[in-house]
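If you're matching them up, the sequences are chains Y and B in order.
First residue of the first sequence: 1, per my numbering; consecutive thereafter.
First residue of the second sequence: 1, per my numbering; consecutive thereafter.
I should point out that these hints are in silico values taken from the structure, not numbers from a laboratory.
Errors might be hidden in some of the hints.
Stated by the list, open to error - Below, in silico cross-link-like pairs of lysine-lysine (DSBU-like), each with a Cα-Cα straight-line distance of 30 Å or less: (1) B:Lys70 with B:Lys90; (2) B:Lys85 with Y:Lys153; (3) Y:Lys111 with B:Lys201; (4) B:Lys201 with B:Lys247; (5) B:Lys247 with Y:Lys169; (6) Y:Lys111 with B:Lys85; (7) B:Lys144 with B:Lys209; (8) B:Lys156 with B:Lys60; (9) Y:Lys153 with B:Lys209; (10) B:Lys62 with Y:Lys222; (11) Y:Lys111 with B:Lys62; (12) B:Lys243 with B:Lys60; (13) B:Lys144 with B:Lys243; (14) Y:Lys111 with B:Lys90; (15) Y:Lys222 with B:Lys247; (16) Y:Lys222 with B:Lys186; (17) Y:Lys111 with B:Lys243; (18) Y:Lys111 with Y:Lys169; (19) B:Lys156 with Y:Lys111; (20) B:Lys144 with B:Lys35.
Said to hold, decoys possible - The calculated label-pair distances, taken between Cβ atoms and stated as ranges, are: (21) B:Lys243 with Y:Arg173: 19 to 27 Å; (22) B:Ser47 with Y:Gly102: 48 to 56 Å; (23) Y:Asp363 with B:Asn242: 35 to 43 Å; (24) B:Ser229 with Y:Lys169: 46 to 54 Å; (25) Y:Ala65 with B:His109: 18 to 26 Å; (26) B:Gly108 with Y:Ile362: 26 to 34 Å; (27) Y:Ala65 with B:Asn233: 27 to 35 Å; (28) Y:Ser256 with B:Lys243: 48 to 56 Å; (29) B:His109 with Y:Ala385: 50 to 58 Å.
The beta carbon of each residue, even a glycine, is placed where N, CA and C say it ideally should be.
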Amino acid sequence: MIAFLLKGLVRDRTRSLFPILIVCAGSCLTVFLYSWMQGIMGDMVAVNARFDTGHVKISTKAYAAIADEMPNDLAYLGVEKLLARLRSEYKNVIWTARIRFGGILDVPDNKGETRNQGPAIGMAIDLLSPSSPEKFVLNIERVIVQGRMPSRKDEILISEGFARSLGVKPGDRVTLIGSTMYGAMALYNFTIAGTIRFGIATLDREAMIADISAVQEALDMKDGAGEILGYSQDMVYSDEAMKRLASRFNQQFSRSDDRFSPCMITLSDQNGLSDILTRSKAVGAIIVLVFVFVMSVVLWNSGLMNNIRRYGEIGLRLALGEPRGTLYARMIFESFTIGLVGSILGTALGLAFSFYLQNKGIDISSMFQKSSMLISGEMRARITAVSFYIGFLPGLAAPVAGAMAAGLGIYQRQTAQLFKELET
Amino acid sequence: MKKPVIFICIAILLCANAAYADSLSGRDILINVDKNLCPEDRVGVSSLIINGARASRTVKCKSWAAGMDKAYTQYLAPPREAGTKMLKLKDQLWTYDPTTDRTILIAGHMLRQSMLGSDISYEDFMQDSRLSSIYDAEVTGDEKLGDRPCYVLTLKAKVDDVAYHSRRLWVDRERFIPLRQELNGKSGVLLKTLTVNEVFKVGERWYPKRMIYKDVSLEGSGTVIIIESIDFNVRIPDSVFNKASLKR
C-alpha cells in the first residue's frame, strides 16, 4: 500500500511537486535565517567577549560602576597575587589581566617636536609571556597587516587605519600622552612593531595594543590592572556556569564595605549582552513558529485545493468502502512523505547556503565606519547542531498539520450522496 | 591743653583711616590683593600634597616667574616626577619629560587636565593671576573667617576666555590676602574652592604660606600647597624662560 501511495505521489506531480517545493523553500529559509542570526548574534557576543567583557570580568566595585569611562584611578592593585590565586582555585577558566586606557599618540619629527598626533584607544595585554592566552583569545598574529608581533615591552601594535592617519610605519617611534592612575600626565615612548586590522570598525580606527608591563609603568599602575578577564577553556560562553562562578567568587572575595574589593560580573551583565543572548534564543523559536504557521496555512490551502481536485477520487475510494479513518491516515502519510522529502532537500540547501556564508562572510564594515559598538565588519552565518533540525522538524510538521486540517473534509462527505456525485 | 589736641588728631586720623578702608571699592580691594600676590619677579620652592581618593603624594618643585606671562617650573621630587619641567610663555604652556626626552605643547582640552593629578588644572596654572584685570568686583558683605575680619567680594568676569566666570572672595581686611575663594563655572555652579590656612610675611608683603585647593568634582580632601620659601624681585635671566632651557 505504501508503494502504491508513493507511486501516486511520484506519478501525479501536481500532488507532490508544488508541496515539496514549498516545504523545501520553507525549510531552507528557516535553516539559513536561523544560522545567519546565530552567526550575527554569536559574533556580537564573541567579539564583545574577546575584546571587552570576557566571559567573566573582575574589577573593583568602584571601577565596575563606571567601567565605560575606563577609570584607571579605580583599578585593582595586587593583580599578580589575585591572578595566582585564580589560576590555582579556578583552573577551568583562562585568566588574563588587561588595562583599557585612552590617550594621545604623538608622532615626533626629527627635532622631537610634534609632527602629528591622534587620539588612541589602548588595550594593555600580556603580549610577551610565552604562556599568555591573549594571542589565542585576540587572534593577534592573524590580524597583523604590516610588521611583526612585539618582542619588547616598549613595542606596540596599532591599527592599520590609525597608522595611515598618523603617517607612521613599523619601526617608527611614537609617544603616548595619557594620564596616570593618579591623574598626572603620563608620557611614554613606544616603537611601532606592526599594524593590525581586526575587521571591527571601532578598533580599526584608533586601536593601540601594548604589553601590560609597559602600560603599568607608563600609567604608574604598579601591580595594577583595570580588569581581569576570564574565559572558559573551550571559549564557549555558558551563562549558567559563569553566573555560578561569579556568585562563588563574589562570596569569597567581594566585601560590601570596601569599594576597592574585587567583584566579578558575567558577560551577560555587560554592554546589554543579556538582551542579545535572550533575543538569540528567542529568534530561533520565532522563526520556527512563523514558518510552521505560514507553511501550515499554505499547505492547508494546497490540501484543500487537492481535495477539490481529488474530490472524485476520494468519493470513489469512500464508495468502494475505504474507511474514512484509513483514508485520512493515508492522506496524512502522503503529506508526511512530502514533508520528509521537502525537509531533507530544504535542510540540505539551507545548510549549504549557511556553510557558504559561514566561510565567506559578507563585508558590511562600510555600514559601521562611525559606529562605536563592538561589531564585526563581516557578517557570517554559524551552523550549530540546532541548524540541522530547526528547518527539518517544522518542514515535517507543517504539511502534516495542513493535511490534517484539509483532510477533515473527508468526514463531511455523505455516503448516500457519493454515487449521485459519481453519476454526475 | 596740648594732650587733648593730640588725642583728637589721632582719633581723627584713625577715623579717617577706618573711613578710607570702609570706602574701598571692590576694584580697590582687588588692586590691593594683586599688589600683594603678584610681584614682578619671584623664585620659590613649594610642595604639593595631593590627597587622592586612594593615596596621598607629595610633589616638590622650584618655580621662577617674571610677571604674569613667564613662568618656569622644575619638579624636584618624587623620583617619577623629578626632572619634569614646565614653561609658560604668554598663552602657551610646554612640558618636558626627561624619560621620553619629549617637549609637549599643552593645548586645547589638555589644559583642563589635572596637573600631576592634583586639584589644580593646567588652565589654573595658565590663568592670569591679576584678578583686577579679568574681573569686575563688588563688595557684598563683611564676615569674619576665624579671627580675621574680611571683605566679601563677588567677582564677575569681564572677559569670556576665563576658567571661572565668577568668584566669591573673602579678603583679609588688613593684609589683603583672599583667605577663601569659591570658583564658579559659567552657570554659577561651584567648581573649586581655595582656602588659605596660613600666611607669612616676606619683607613688607603678606603672602599665603599654606593653602588648600579643592576641586569639588574630585574625591579626596584636596591639594595642599605649601610655600617653603619665596624670594621676590630676584633678577632672573631671560635664558630661563626659553624652550631650550627645558632640555638643559
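List in ascending order the numbers of the hints, as given earlier, that are violated by the structure. 3, 4, 8, 9, 13, 16, 19, 22, 23, 26 and 27
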